[in-house]
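A.B. asks: Read top to bottom, the protein sequences are chains A and B. Per the UniProt record's numbering, the very first residue in the first sequence carries number 1; after that it's consecutive. Per the UniProt record's numbering, the very first residue in the second sequence carries number 1; after that it's consecutive.
Because the hints were derived from the structure by calculation, they are not lab data. Where a beta carbon is used, it is the ideal one built from N, C-alpha and C, also for glycine. Among the hints, erroneous ones may be present.
As the list claims (entries may be wrong) - Straight-line Cα separation of at most 25 Å, DMTMM-like style, residue types lysine to aspartate or glutamate; simulated pairs:
#, chain 1, residue 1, chain 2, residue 2
1, B, 50, A, 105
2, B, 99, A, 78
3, B, 265, B, 319
4, B, 196, B, 184
5, B, 50, A, 32
6, B, 99, A, 34
7, B, 265, B, 286
8, A, 90, A, 73
9, B, 100, A, 104
10, B, 100, A, 81
11, B, 352, A, 10
12, B, 99, A, 10
13, B, 181, B, 63
14, B, 100, A, 70
15, B, 100, A, 105
16, B, 352, B, 252
Said to hold, decoys possible - Distance ranges between label pairs, derived from CB positions:
#, chain 1, residue 1, chain 2, residue 2, range
17, A, 69, B, 114, 27 to 37 Å
18, A, 92, B, 185, 46 to 56 Å
19, A, 20, B, 181, 52 to 62 Å
20, B, 296, A, 92, 30 to 40 Å
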Amino acid sequence: MVKVTYIAHDGSQTDIDADEGDTVMHAAVSQDVDGIVGECGGAMMCATCHCYVDAAWADRVGTRDRSEEDMLDGAASEVTERSRLSCQIKLTSDLDGLVVHLPEEQF
Amino acid sequence: MALAPLDDTITLAQLTTDPYPIYRRLRAQSPVLRVASAQRTFLTTAELTKQVKDAPDLFSSNDPNTPMKPAFRAHTLMRKDGEEHMRERKAMMPALTPKKINTDWGPLYQELAEEYVGRLPRGETVDLFTDLCGPLAARILANVLGIPEASDAEMQRWSQHLIDGAGNFGWKPEPFAISDKANDEMDALFAELREKRIAQPDGSAYSVMLTAEDPIPMSQIWANIKIAIGGGINEPRDALATILYGLLTNPDQLAQVRAQEAWGKAFEEGVRWVAPIQASSRLVTEDTELGGFEIPKGDTVMTIQASANRDESLYENGEDYIVFRDKNPHQAFGNGPHHCAGAHIARRTVGKIILPLLFDRFPDMRLPDPSQVLWRGFGFRGPINLPVTLN
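For reference, chain A alone in the conformation it holds in the complex:
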């Protein structure tokens, strides 16, 4: 199990235990975490699973590729250097304790 913390735009915090190999998007959707929609199911087609990786985790999460950049570019909320599509972050044991912040809106 990998622990993930989602901090909503209003500051409320949700901690979940996710399976290794799951994505940050899918773990949130399957455990009813508000603020991640993930409507396309991880096909990088909807830009509704936008999150900001907490600064402390930036190095471990990896970088976004060109396709992710393209889709993120159209996200509803402000895109920063810490922005990721959470469907593209796969949970490994290295990410146990990961903290992500959620944008004000996804669409």
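Please build the complex by placing chain B on the supplied structure of chain A, with the hints as guidance.
C.D. replies: Okay, now just chain B, sitting in the frame of chain A:
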């Protein structure tokens, strides 16, 4: 393992008139059912429909023998998979993202909505389906696509003729003759506008595709625009009419929506309640299993989003329009790589612009006789009239 049970009692006419009692029965008794009249295996629970949409390798969109091909004179991205689909879809996406819609285009949509709502006569009973929902959906789409030179009537006619051709599973010549004429007209307009959209890029879908660094072939650019015309008018039109019906027949909810400006929620609930696109087909690429039944390679399964959206395991009183639900994980826009490309535009235009504008202008708008409203459709569904008194 056995094949799913075979039904030979359900008719297409029943599904077109009112499929919901049938779907309710199927969810309880036979969520995987081969329906002879539709020549498809119906999947009616949310779990099954999502499972299929999220596994595009196993459940392919690719159908080389679809009547869509002659109807659109192209093998379109709707019926492609993988990289090929992705490339054609991504070519158009920059015109359709939330950011583009909200920031760059918001003011234009607002202006168009004000113009069309402003034309409606106060104090009269008007069919909003024909006088607002259809024409405004057509006007907004024409702008998004970069073909505002097309009239509302042309856009709506082309859309319907493409749909009729694409649904011509009997392969009769007449519907293709009609869609051919629509294709001729569209091709002529696209050809005429091409240089202009290159010379003056405007962020519209046509312009974005034409001016891309590595553009897709012109035939596919045109096919993409046609897909958007065929699939981008009925849905916002029907969504708007459905939501208006839902709100006007539930005045308590309407009052609460107005007080909280919960138009976005009213929108989501409308498309959940009666999904404008009710069902989609997928071709099975390998022998597999769904819901305990054998699903052979070559079978065509039909995900019934309309039914998934009322699944008792997700929704209490799912047959009713109830805006203030705790959760509303509907599948009206589909899932997976073919997730509706127009979802953000629909949410923005219908949910955030048109609904508040209309109720602001006509605060005492009412539906004098809800029983006069007729609903139709199996693949696409919504009211086909909406006589509303505007005050």
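A.B. asks: Work down the list of hints and note, for each, if the structure agrees.
C.D. replies: Hint check:
no.: 1; hint: 50/B x 105/A; result: 24 Å, holds
no.: 2; hint: 99/B x 78/A; result: 9 Å, holds
no.: 3; hint: 265/B x 319/B; result: 17 Å, holds
no.: 4; hint: 196/B x 184/B; result: 20 Å, holds
no.: 5; hint: 50/B x 32/A; result: 16 Å, holds
no.: 6; hint: 99/B x 34/A; result: 21 Å, holds
no.: 7; hint: 265/B x 286/B; result: 39 Å, violated
no.: 8; hint: 90/A x 73/A; result: 21 Å, holds
no.: 9; hint: 100/B x 104/A; result: 17 Å, holds
no.: 10; hint: 100/B x 81/A; result: 19 Å, holds
no.: 11; hint: 352/B x 10/A; result: 22 Å, holds
no.: 12; hint: 99/B x 10/A; result: 21 Å, holds
no.: 13; hint: 181/B x 63/B; result: 24 Å, holds
no.: 14; hint: 100/B x 70/A; result: 13 Å, holds
no.: 15; hint: 100/B x 105/A; result: 15 Å, holds
no.: 16; hint: 352/B x 252/B; result: 20 Å, holds
no.: 17; hint: 69/A x 114/B: 27 to 37 Å; result: 36 Å, holds
no.: 18; hint: 92/A x 185/B: 46 to 56 Å; result: 55 Å, holds
no.: 19; hint: 20/A x 181/B: 52 to 62 Å; result: 57 Å, holds
no.: 20; hint: 296/B x 92/A: 30 to 40 Å; result: 37 Å, holds
Violated hints amount to a single one, hint 7; each of the other numbered hints is respected by the structure.
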